[in-house]
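A.B. asks: Add chain B to chain A, keeping to what the hints say.
Chains as they are written, first to last, in our numbering: chain A, 1 to 301; chain B, 302 to 529.
Because the hints were derived from the structure by calculation, they are not lab data. It should be emphasised that the depicted structure is a prediction, and the values quoted were computed from it without experimental measurement. A portion of the hints provided could be inaccurate.
Each computed DSSO-like pair below joins lysine-lysine, with the alpha-carbon atoms no more than 30 Å apart [claimed, not checked]:
| no. | chain 1 | residue 1 | chain 2 | residue 2 |
| --- | --- | --- | --- | --- |
| 1 | A | Lys212 | A | Lys290 |
| 2 | A | Lys229 | A | Lys177 |
| 3 | A | Lys177 | A | Lys163 |
| 4 | A | Lys70 | B | Lys332 |
| 5 | A | Lys256 | B | Lys332 |
| 6 | A | Lys298 | B | Lys332 |
| 7 | A | Lys177 | B | Lys332 |
| 8 | A | Lys70 | A | Lys111 |
| 9 | A | Lys70 | A | Lys298 |
| 10 | A | Lys177 | A | Lys212 |
| 11 | A | Lys78 | A | Lys177 |
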Amino acid sequence: MKSISKSWVVRLRSSLQNNQEYKYIPMARCFLSRFFLALLLVLGFWTHAPAQERLKLATTTSTENSGLLKQLHPIFEKKNGVSVHTISVGTGKALRLGQNGDVDVVLVHAKKAEDMFMERAYGVHRRAVMYNDFVIVGPASDPAGVFRTFNVSEALHQIRDSKSLWFSRGDDSGTHKKEMELWRDAGVGVFGSWYRALGQGMGRTLMAADEKSGYTLTDRGTYIALVAKGKISLNIQGPRGERLHNPYSVIAVNPKRHPHVKFGLAVKYIDFLVSAEGQGIIRDFRLMGKQLFYPNAKYSR
Amino acid sequence: MEYLLDGFADGLMRVLRADPQVMLAAWVTIKVGFWATILASLIGLPVGFLLAMGRFRGRGFAITLLQTSLGLPTVVIGLLAYGFLSRRGPLGFADLLFTPSAIVIGLVVLAVPLVAVFSMTSVASVDERVRETALTLGASNGLVAWTVLREARFGMMAAVLAAFGRVSSEVGIAMMLGGNIEGYTRTLTTAIALESMKGEFGFGIALGVVLLAIIFVTNLLSRYIQRS
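Isolated chain B, as found in the complex:
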């Protein structure tokens, strides 16, 4: 235990002294996590909303598919995305592999099902009477949708936050598509993987604390935004 605690203390000191490597990894994590969350939300929230409110053929099957994709292992997403982004792949010309953008692409694939399923559940759990009442009061379709959306906003916010937590704590995609390039695509999680490879367990845990702190602050911010 002692060797872990010693390393942890050292690591924490490096973090507190704002070690540029740690700061860069934290920055890359925030940047990549933010964009992946935004893009995944732009796709996932409408999809979840439509699946919850809409009545169309194949809806049940679409939901099952979506829920299944929640189980997609990140390494599989990483491999698939590598296949597309590699120079030999269909998107190779864009030269995106081993850039932060490549990580974002993989993370969006990971997070869209998450956001969609969470938001679908929150919209579906809005009291049916809200919708009915709005309809009987002569609200237009758009207004009904907006009303339900407002009711479900906390659930949707939770979906977005869950997505941020998931993408910023992910390792496989960031490693395969980013390449763990120092100061460029090295995120906190791939840095932790590297430190554990080098046997620097304590420092790895200190980096984990930084990651948790970032997610903690994000949640605080969102609570502040929600209070209106």
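Next comes chain A alone, as it looks inside the complex:
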């Protein structure tokens, strides 16, 4: 280290004695020119603005990760010459983004939260789009004996009483909201160490339950998608029932609250989802031969 700087001092001295600054300017120029050349090379490729108008959609991971939106969006995009930008988060956050005016339209599944969203006039033009159902899944050995139960509350009681591991999304998503509602209805308010709130998406929660041989509540779509790809080996254990109904709605962000939102485009998007064409795509969407979502726009009002 010392010898390097010493030699440098010698060079410095000689150059200063010979000609004050002569030697430095070319060096500086050489470095700077190279720097600017590199800068120019890459300056050219900042293409920020998308060529087309964009519609921002906040939705849940279940619709995005299943691949359904990839069937729907290209057709809508081609028809209207726009691009749909999908931001997939939990239902709680999706509604929040709509409330803040950061997106134009939301596709979510949490009835009560949606009702609140509408009541406070954050959203307008709400339409039912499709539904599937929630299911309680668990290991094949079924240590809590959930398979033989007849309703959800009974199943949840069995899980609590046997202190079987339960994995909760814990992230304010639509599924999490549903889970809390089911526990509340079952009259269970105290949880022990068998109850694990993950704060993660549905996929990760299912995989955690699979790893640890625990139970969890999931939407059927995400469950089928992961089983079809051989990622998990959990079984559907819980009973079916009206209370496990999982309806999805699409809502435009209220332009009166946020004048900048692309309301016209959002309405076009909503109309597309509930049109015969959109509903047909939803009905025909299959993953490993299984239907994930059931269109129900005709029941809307």
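C.D. replies: Using the frame of chain A, we list chain B on its own:
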């Protein structure tokens, strides 16, 4: 282990076949990382240099503050930036949220302290005699500064490269401010997060290899530039 290796092999094939989705994510990563690094360097390098060379009141405190901000969690930066960029925030009118520019803004906040601290250290570690000698030889202040700067150039380059490595491997900011929009704000890291969510672990790792390759090539390039 096998399920991981199988997935990895499949993923690598997708990468090698130049799968457009992978290429787009790589492109967004490079683009965003490049701009964040340039902007952070334009701010961070002078700050680091001033802190190392300058003698002013509050300098010690400023350094402590800067070093503390190295510990800023990316999700906190993401949250703060979201607060500013959201339609409800002070910068909402610019409609930057969920664009690559939003990611760049967050990443600059992340990288400036890094560049500043690294460059400060490299300038401060330049042999004191270089400065003294230049002064005794009658060099002007500007020339002294330039001399020290030249001595510290490798350290500064290292600071810039470290910043590029950091911003291109970051997840939280890119996810919160970019929104992980396919083909637009989906970077390699948010793509990896998504794949891990879907249970596609092998493909996620293959994407990680692409990211490392990008950083590797960047380092090779910088070595080439430095050789003069």
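A.B. asks: Against the structure shown, which of the earlier numbered hints fail to hold, in ascending order?
C.D. replies: 5, 6, 7 and 11
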